[in-house]
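Go ahead and model the full structure; you've got the sequences and the hints to work with.
There are 2 protein chains.
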Amino acid sequence: MADDGLFPRRLGIDTYQEPVAYLRQDSPVCRAEGFNAQSRVRVSCGGRSVIATLNTIRSDLLAPTEAGLSEAAWRLLRPAPDERLCFSHPRPVESMSDVRGKLYGRPLEEAAARRIIRDIHEGRYADIELAAYVTACAGSRLDLAEITALTRAMVDAGDRLDWGRPRVMDKHCVGGLPGNRTTPIVVPIVASAGLLMPKTSSRAITSPAGTADTMATLAPVDLDTRGMRRVVEQEGGCIVWGGSVSLSPVDDTIIRVERALDLDSEGQLVASILSKKVAAGSTHVLVDMPVGPTAKVRNPEMAQRLEHHLVATGEAMGLAVRVHTSDGVQAVGRGIGPALEARDILAVLQNREDAPGDLRERALVLAGEILELGGVAAPGEGLAQAGESLASGRAWDKFRAICEAQGGLREPPVARHRHTVVAMHHGTVAHMNTRSIAKLAKLAGAPADPAAGLVLAVRLGDRVEPGAPLFTVHAESRGSLEYALDFLANHPECLSVEEDLI
Amino acid sequence: MADDGLFPRRLGIDTYQEPVAYLRQDSPVCRAEGFNAQSRVRVSCGGRSVIATLNTIRSDLLAPTEAGLSEAAWRLLRPAPDERLCFSHPRPVESMSDVRGKLYGRPLEEAAARRIIRDIHEGRYADIELAAYVTACAGSRLDLAEITALTRAMVDAGDRLDWGRPRVMDKHCVGGLPGNRTTPIVVPIVASAGLLMPKTSSRAITSPAGTADTMATLAPVDLDTRGMRRVVEQEGGCIVWGGSVSLSPVDDTIIRVERALDLDSEGQLVASILSKKVAAGSTHVLVDMPVGPTAKVRNPEMAQRLEHHLVATGEAMGLAVRVHTSDGVQAVGRGIGPALEARDILAVLQNREDAPGDLRERALVLAGEILELGGVAAPGEGLAQAGESLASGRAWDKFRAICEAQGGLREPPVARHRHTVVAMHHGTVAHMNTRSIAKLAKLAGAPADPAAGLVLAVRLGDRVEPGAPLFTVHAESRGSLEYALDFLANHPECLSVEEDLI
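For the protein sequence lines, the chains are A and B, in the order given. With my numbering applied, the first sequence corresponds to residues 369 to 870, in that order. With my numbering applied, the second sequence corresponds to residues 369 to 870, in that order.
Hints in this document: simulated from the structure, not taken from any laboratory. Just so we're clear, the structure is a prediction, and the values are computed from it rather than from any experiment. It is possible that part of the hints are untrue.
Beta-carbon label-pair distances, calculated as ranges [said to hold, decoys possible]:
| no. | chain 1 | residue 1 | chain 2 | residue 2 | range |
| --- | --- | --- | --- | --- | --- |
| 1 | B | 508 | A | 854 | 44 to 50 Å |
| 2 | A | 446 | B | 661 | 42 to 48 Å |
| 3 | A | 394 | B | 372 | 35 to 41 Å |
C-beta: ideal position from N, C-alpha, C; glycine also.
If you want it as structure tokens, here you go:
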């Protein structure tokens, strides 16, 4: 009976990225194949197939002739109405023996890295297997040769862009600092100086905004490779979402599990960053690395080790990497959340007086380094040249041209509900927990509600009077606003004012 | 709205041991709490609560007022008809930082081991977190102090039996060898010699039969602690299923993930074995360790390391441990599968001429060692004394008495369908892959169909003629039989006959 296949049923169950299939426990296929709950199964349909985790059904949720699919499995299989689902045992995940080898002390060689990345790419790894892989590489377990092998394997798993130019500039920020949205300022400065900067950015996974989320409030970002190429050829740069271009595609899968486990692997981090850059066809990369107690890179020692790995692995991959460490003790700019960050960006690009100075300064420093790295500014002169591009309006013109080429510049949305938090006493703004601040903006609705988030009215070291505004929470619904304020009541560490002792 | 709670709905979805909760994606609680697919959530009901993984529903599977539970979540929460489910964020799994510490090179100290084991026991670890923990301890990553800390933490997580006797004997077999079912022979020999041997055994997880599965075809094994105590006080021994007694309860959880990953952790293995023994109130333990290329312990070096860890950790826990290594190159006895193994056991206990000699020999050697370890046989005389117990019928009498005390001796069931595989040519039985043989027995239906499995007609080294029976597959349904034979067609390594060269 299994040969005839089962009717596909979209159950509407969202299991995030892990494909799940549902079979009645009393179905002939479960019995014949010896499938149990949590078995890994291969589900085929037409010429397509997917490896899924099985959940068995002990109720009438499914008819005896049906098999269910989770949303992720449905997306991957896309069964047509007349198609049937067939189930079989997947071949064993042979590269798990490479993972075990690494665990038992064998170095991860290039062939092993390729096998692992290929199996992850083909969706053969269950989440627990991904967790084992990520754990096997955690901390400082990968040496330079292993990181390079992994980077190469990750690049080869996806597409690779070629711009036919000797210098293709790129930047990357390690570990988000809320509001540190420099890319939309840096790209037009660099592009208007005649360098190529085809920038792909990500959407937020755990943060209140990714660069793609912020940029999406200003212009369309969902361009495919052809669309992206057209914009870059016309304007010398773009700021698009990397999700519709398949660059180092296993990266997202690996990062998802690392985040869920809150596990850092320095080697995997380097491979993740550089594989995306190599695949994007970049030749010169500036890495922005904020260092601070609540940032991803917590201290100078870790920063130094990471810099060494990034530069050396880059070299092995034919990529010039420069690392810029910066202060990561507080959020950057005023807005946190897609639209609120977009407003800061516009203020900087338009040379407005109320533009946040720290965001402007950070963007100029990074742009200046890229201008030097790209050879269009002499050493030590990049910063001034970047400043001139901004002051003259050239950067703003280029930004508008890029937005138009991507589909049209637009006005960021505005939130319906606001609540301003004020100081209760005289004092000095003493601490900011950037993780809690990010959480607060997320609870207010960012990034799903693009107008949601918060706007800081103060910076560390500012002196405040009782009643002075500290920050304003923006939300699209009263519920989200209240939820954020509830969190705040229990998390005073978001922003703390130390009372004056005098 | 979340405060009023949602109507519990049993969806009948079996996700094995991981509790899963289902909420409509558009439900106020998802929005208010910021829950997404794969979020970890705390589900409360009456005074009970469980940590579950969330799947969100994008269909009408659930009404807006309902929340769904998987079978595992339903079992743990047991909602009454008038009760409602409330959802909240679980407190962070703080012991994951101990797992990360171990990964980053910090030794696992006793307090950390306790925190980890407590969180696993309370169901706070998602499967990927369990995978990370298991991976962090994989291979030889745990030293003696860490193994002892872990063993102690695992014991303390569950109940602990006390028999009020200075010597309580126990045995354990490391890594199954198909058909190696010595316990039901050893226990009556030891008990009839006046020693206490309250044996708890497990059901099969990945093998065609566990001792509890085999024993269940001969007598009831589902006794609770009180019932077990009554049998032991009356007969000096028992052979019951350990599942209804809560001894080192996290062990099953950890083993499930280790098996799914096919990861061995020597330290975790030692802690798993010894924690169950200490919790069972045992004082003297004999460990049977079959060594062979397709067994769990693959070579003498690994056997030696394990023996050292077992003995030294046992010492730290106040447990006398003796290790007996044995040959693990082929299956033991003739039958593989619950009822078929039970028949071998009966043949040995009844001193029947057709009793498999290897099973008899193995059981006697182990029983003899336990008699010496327990001080009722002089060194070197245990084997003879065990043989005498068997030959005289004392062991058989004791076995019957134990079965009666457990609820009554019964006849093992017989399978409806059989297929005998014969030799195709003259030759010698040269190789047996014990893992493939186990797989074959499982595909035939064991252990769910207790009569299913296979009966070997030959042993390694036997010379066979064309047409001579090699083994017979037993199955309850034609479908299972054919499924096993299909597997066999593609896996000739199960049992291979080398052609004579003369």
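So, going through the hints one by one against the coordinates:
At roughly 48 Å, the beta-carbon separation of residue 508 of chain B and residue 854 of chain A lies within the given 44 to 50 Å, and the hint holds. Under the hint 42 to 48 Å, the C-beta atoms of residue 446 of chain A and residue 661 of chain B, about 45 Å apart, fit the expected range. At about 36 Å, the beta-carbon gap between residue 394 of chain A and residue 372 of chain B stays in the expected band of 35 to 41 Å.
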